[in-house]
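Novice: Sequence:
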Amino acid sequence: MTKPTSAQPYLDEIKDKLYGDSTVAKIWGIASPALSQPEPPTGFPNYAPDGKYVLNDADYWTSGFFPGSVYALLERSKNYPDFFPKNKINEVKLEFAARWWADPMASRATTTTTHDLGFMIAPAFKREMILTKSKRSEEILITAANSLASRFDEKVGCIRSWDDLPPIKKDQTPKDMDKDFLVIIDNMCNLNLLYLGAYLSRDLRLSTIATKHAETTLKNHFRDDWSSYHVVQYNKQTGEVDSRYTAQGFADESGWTRGQAWGILGYIETYFWTKDRKFLDASKNIANYYISKLPQDGVPPWDFDAQDKHIRDVSSAMAAALGMIRIYEVEKDEEFLKKGLKLVRDCINLSYNNDAKLNDDGTVEIGATETILNNSTYIHNPACNIDIYDHGLVYADYYFLVIGNKLLQLGLYE
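Count along the sequence shown starting at 1, add 328, and that's the number in my numbering.
Keep in mind that the hints were calculated from the coordinates and are not lab data. Hints may contain errors.
When the alpha-carbon atoms are kept at most 25 angstroms apart in a straight line, the in silico DSS-like pairs for lysine-lysine are as follows [to be verified]:
(1) 660 / 606
(2) 503 / 483
(3) 540 / 603
(4) 406 / 416
(5) 666 / 606
Derived DEER-like restraints, expressed as beta-carbon distance ranges [to be verified]:
(6) 689 / 387: 30 to 38 angstroms
(7) 738 / 606: 18 to 26 angstroms
(8) 463 / 741: 27 to 35 angstroms
For each residue, glycine too, the CB sits at the ideal point set by N, CA and C.
Work out the full structure, taking the sequences as your base and the hints as a guide.
Specialist: Here it is in C-alpha cells:
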C-alpha cells in the first residue's frame with residue numbers, strides 16, 4: 329500500500345504513545361496479577377474514578393473489553409513484534425493471560441437477555457480464533473451470534489436493545505415488553521458479531537437479520553443533519569416508531585457524542601460485510617457531522633449540544649477515530665485518515681497517562697491511574713440519578729489499542 333503522505337505528520341506524532349511501554353504497562357499491570365490466582369477473574373474493569381478501576385461481573389456489557397485488550401496485545405506481539413516489548417513480556421505468558429481473562433466470558437455466549445453480546449464476546453474470542461486457530465472460540469462466536477439473533481423482531485425489523493430502560497433516570501416509567509420495543513444506536517456495533525457468525529456457520533439468516541437492523545436504524549434513527557437519536561421506541565405490535573429520546577445524552581434532540589461514534593463505526597463495519605454503498609455513505613455522513621461539531625482543541629464533549637462542553641468523552645473519540653480509519657481502509661481517502669489520526673492526536677495531548685513503567689522482568693509500576701486515557705464520560709444526563717464523568721474507561725483504552733493494531737495492519741508504520 330502506498331503511504332499517505334498528507335497524514336504522515338499525525339502518524340509521526342502519535343507513534344510513541346500508541347506503541348510505548350506505558351501503553352502496554354497499563355494493560356499488563358491489571359492483567360498479570362490475576363495469573364497468581366487459582367481461578368480466573370470474576371471482576372472486570374469498567375470505569376476508573378480517581379484513577380482506580382471499578383470492577384463489574386462478567387454479565388455486565390463492558391466486561392468483554394478488557395479481555396479484548398489483552399488479546400489486542402497478543403495480536404501485536406505475534407503479528408507486529410517490532411512494535412511490542414517482547415523482551416519484557418513473555419508471549420506464552422501473555423497468551424495464557426489473554427485466555428485466563430477471556431474464559432469467564434465464554435458462558436455468556438448463551439445469554440439472550442442483552443443486545444451487547446458483540447461487545448461482550450467478540451473483542452476476545454474473535455482474536456483468539458484468529459491467533460490460536462481455536463475451535464472453541466469459533467463455537468462461542470456462533471453461539472453468541474444465535475443468542476443475539478433471538479432478540480430480532482420481524483415486524484419491527486430490529487434487534488431489541490433493552491427489555492426496559494436501565495434504572496438510571498429520575499421518575500422513570502417502566503416499559504411494557506409486549507408493546508414497547510427499544511432500539512439504541514449502540515446496537516449498530518453489535519451487528520459485526522452476526523455477520524461473523526453467519527460467515528463461520530454459513531447461516532445466511534444471521535447476516536440477513538444484521539442487514540435488516542442496519543436498514544431500519546438508517547431509516548429511523550437519524551436526523552436531517554446526520555446526527556443520531558439515542559433511543560428509538562417502536563410499537564412492537566405495529567412496527568411503527570412511537571417516540572425518539574435519549575437515556576444517556578443531554579436531551580432528546582441533542583447529539584450525544586458516543587452515540588454518533590457507534591453509528592460511524594457500526595455502519596463502516598456493516599459495509600465491510602455487505603459492500604452496500606448506502607452503509608458506507610451513512611458512516612461517512614455521520615463522521616462528517618461529528619467532525620463539524622468538534623471544538624477547537626479537537627476533543628469531543630460528552631454531548632455536542634450540552635452547555636458544559638468542558639466535560640469530554642474520549643471513549644467516543646476513540647470509537648469514532650477507528651471508524652474514520654476504517655473508512656480510509658475502504659476508500660483510500662486520506663482526509664478521513666487524517667481526521668481520524670488528528671482525533672487520536674488531540675486526545676493524546678489532553679488525556680494520555682504516560683506514567684506507567686514496564687520493567688525488564690515484566691513487572692509493572694502502573695502509575696497514578698490504571699487507564700491509558702482519561703477524560704471519558706460514562707453518563708452525565710442531568711435527568712439521571714447517577715453522574716459519572718471525567719474518568720478513564722475500559723473501552724476508550726480498548727479502541728486505542730485496536731487503532732494501533734489497525735494502523736500496523738494497513739502498513740502505515742514500518
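Novice: Taking the hints in turn, state whether each one holds.
Specialist: Hints and how they fare:
no., hint, in the structure
1, 660 / 606, "holds (18 angstroms)"
2, 503 / 483, "holds (19 angstroms)"
3, 540 / 603, "holds (14 angstroms)"
4, 406 / 416, "holds (14 angstroms)"
5, 666 / 606, "holds (23 angstroms)"
6, 689 / 387: 30 to 38 angstroms, "holds (36 angstroms)"
7, 738 / 606: 18 to 26 angstroms, "holds (24 angstroms)"
8, 463 / 741: 27 to 35 angstroms, "holds (33 angstroms)"
In this structure, none of the earlier numbered hints is contradicted; all agree with it.
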